[in-house]
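**Q** Okay, here's what each chain looks like letter by letter:
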Amino acid sequence: MLRLALALTLLAALPARAQDQVTTFTLDNGMEAVVIEDHRAPVVVHMVWYRAGSADEPQGASGVAHFLEHLLFKGTDTLAPGEFSATVAANGGTDNAFTSYDYTGYFQRVASDRLGLMMTMEADRMVNLRLGEGDILTERDVIIEERNTRVENDPGSIFREQRQAAQYLHHPYGTPIIGWRHEMETLDLDDALAFYKQFYAPNNAILIVAGDVTPDEVRALAEEHYGTLPPNPALGPRERVSEPVQLAERRLVMKDARVAQPYVIRSYLAPERDPGAQEKAAALTLLAEILGGGQTSVLTRKLQFETQQAVYTSAWYDGTNYDDTTFGLVIVPTEGVTLQQAEDALDAAVAEFLEEGIDAQQLERIKFQIKAQQIYARDDADRLARRYGEALTSGLTVADVQAWPGILQAVTEDDILEAARSVFDRNRSVTGWLMSDEEATQ
Amino acid sequence: MKRFALVLGLVCAGFSARAEVDIQEVTSPGGFTAWLVEEPSIPFISLEIRFRGGASLDAEGKRGATNMMVGLLEEGAGDLDARAFAEAAESIAATLDFDVGDDDVSVSARFLTETTDEAMRLLRAALIEPRFDADAVERVRAQIVSGIRSDERDPDAIAGRTFDALFFPDHPYGTPYEGTVDSVTALTRDDLVAAHKAALARDRVYVAAAGDISADELAALMDGLLGALPETGAPMPAETSVAADGGLTVVPFDVPQSVALFGHEGMERDDPDFFAAFVMNTVLGGGGFEARLMEEVREKRGLTYGVYSYLVPKDRAAIYTGRVASANDRVAEAIEVIRAEWARMAENGVTEEELTRAKTYLTGAYPLRFDGNGPIARMLVGMQMEGLTPDYVNTRNAQVEAVTLDDVRRVAGELLQPDKLHFVVVGQPQGLETAPGQ
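Sequences listed follow chains R and A, in order.
Going by full-length UniProt numbering, the first residue of the first sequence is number 1, and it counts up by one from there.
Going by full-length UniProt numbering, the first residue of the second sequence is number 1, and it counts up by one from there.
Mixed in with the good hints there might be a few duds.
Said to hold, decoys possible - Which bits of chain R does chain A cover? Going by a derived footprint, with three or more residues having C-beta under 8 angstroms, they are:
#	segment
1	142-149
2	188-195
3	215-229
4	249-261
5	308-318
6	323-335
I should point out that these hints are in silico values taken from the structure, not numbers from a laboratory.
Just so you know, even glycine gets a beta-carbon here, dropped at the ideal spot from N, CA and C.
Could you put together the complete structure from these sequences and hints?
**A** Here it is in structure tokens:
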């Protein structure tokens, strides 16, 4: 461990951290902006994130947030369908968009002197979208094919959808981002435009620019292109229904002929990162690393190395959510181990871990890796930009994002065990078995 | 030590040249060469190593040996068992990734400058002294077999396997490099040791680095890292050519969306017409939403989420291939449209406007790819594998610019063979039986 101590000292002495590249400001119309400087190559990523995702959809119109994301490429008062992307490409750039539960985002990657042009077009489609019935019907076919590709062709994805629906009885996180197929098939122009009018406005948007630009340049361009857009005064606070207290564990068994490798997944409802209160989420983040983060993790050691009951194990937790998130465990059993045996082995491993406590050296290694990540992160401005976008659309602030690495370092062994004991409550869990249809349930 | 500067200036008016990528050619005392882009502003290094040959070097009857050997490089080496090795790498926050492909074994390392010595000690042990401990062998074998079983019921994997077997029946390219359940089950420790000697050798290694390291430091590091490798390994596999003819192969499988792969003979990377073919493919089915296939199959008809075509110049054969996925009752139409676009391009080439657009996109996008130590090191090692010189970063855009309308028309006519295009469809496609091999 001599090397480790040395490396820790060196890291502590490093002056530059990722957050030193970051500047923020807010336009008069409420649009927030984050600038991440990286001057090594004359490249810039321009992103606009909306605080509107699938969990903000009205009942009965599932998938409309994602459908609208597709339709934003279909033209405005001044741009023909497809002209947006064609213009980006004609300037040597690439563009795309993404939708999640809590956000919808649009981005272009271009030479940095094309930033103004990107803002012109992005500001334009924030308010001037023009859609025809033809665009709607063809693009609806496209998103249904997208659902086929992402979900229907893959039993693991169908299983994920079913488990998520079981996890959230009431909250919209139980509805798939891409939408339920029967509702996607009825999405129309009115659904799309209603969502657009409600959520696409500067006071619901975050501008993120990463790359070879200065904050002053971005501010001037942003004021010119976005600053003139009117805010939506009708935009209220972001409120969603919350889950009732879960009092009974939920179990699913899914059988599908296409499953060759059966597995068990357990998930528990868990708190997310909250503004000014990220400590519990930090403890859960480290817990997931300790249990399932690679070759030296607890589950890998107990279930793959010591007993060979599993070919794969993992634990996951993503605290960057607007509402309650999940903590998950998975075990893929070796041949000859039944799903019941696998589930029991998983439970036994977690129970043992709670008894044995935390290996101090493992925790130290994990914390060191988190520190090193702050150095590696500076090589990837795109990813840093995404991290800010996800956090700011999940209710966090720039200060929260910047405090996060320090909060992770401050987590103690007791914090982690306490977080584990509070989350691992079978009454608040969903357990899923995915298996081939020829297998008998044991 | 020659220096080549990539001036990130673009051809269209208004772009200014502001950044440079200096590629240094480094030679070690022991005779290894590497390409380096020094970037001291962030205290870490990305190191990329490739060994030509890869899974195609599997010995007769030992399919999957190279893949399994590579999977075991980080599972115990030197005086460290699998867990101790992983702990050592975590302790210095180094990432050491090992991967295999049809034509190469690849090593990607990322480590903090201050931990260079320790990171290289670990990487050297993995490359030179892997242990192949019995427990690690069985653990990795079980993971590989699990993956093979899953691929047997995955429509994309089934399509790929069927396509490869049709195209390359008498070559390693024709079978999955993971091997079969039987072949992997039969592999012994001796097979893995033999695969290690066959694949990792001095005469087939390529090195590139980007980040906080000097040319002298890199030169010194290479001898320690690679000097103990054997001089040579297994002979390279034979050249081969595409065996499939035009037509249609349907593999019935119960999924709602059919997955289709298509292709025919392609073009070698060193063919003087490669750039014309590359520009042509950008218009036909490359990346963006503006490509003809995307426009016709997705944008106009809504038949798919994505359709693409690719030039794939492998080391021992070249194919021109593509992929589409459409609902079972719509895939026939998607295939018909793709065949029609193939024929239209073969006959007429591209328009002046399409050519200009493709060139502007390709030349503009190229410099944007040099945007991080990892991406730069990967591009540098890839260029070496393709037999290019460092000067390529300066001449590449000019080669794209030099492609003329006539070049594209001629090359499209020669390369695209609509009647040779073979489709492999996995699913329950409707309406395809009536038009086999059209």
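**Q** None of the hints should be skipped; say for each whether it holds.
**A** Here's how the hints hold up against the structure:
1. Residues of the segment 142-149 of chain R lying with their CB closer than 8 angstroms to a CB of chain A number 7, which satisfies the three-residue condition for coverage.
2. Counting residues of the segment 188-195 of chain R whose beta-carbon sits less than 8 angstroms from any beta-carbon of chain A gives 0, not enough to reach three: the coverage restraint is violated.
3. Given a C-beta distance limit of less than 8 angstroms, the hint that chain A covers the segment 215-229 of chain R is violated, as 0 residues qualify and 3 are needed.
4. A stretch counts as covered by a chain when three or more of its residues have a beta carbon under 8 angstroms from one of that chain; for the segment 249-261 of chain R and chain A the count is 5, and the coverage holds.
5. Coverage of a stretch by a chain is defined here by at least three residues with a beta carbon nearer than 8 angstroms to that chain's beta carbons; for the segment 308-318 of chain R and chain A the count is 3, and the condition holds.
6. Coverage of a stretch by a chain is defined here by at least three residues with a beta carbon nearer than 8 angstroms to that chain's beta carbons; for the segment 323-335 of chain R and chain A the count is 3, and the condition holds.
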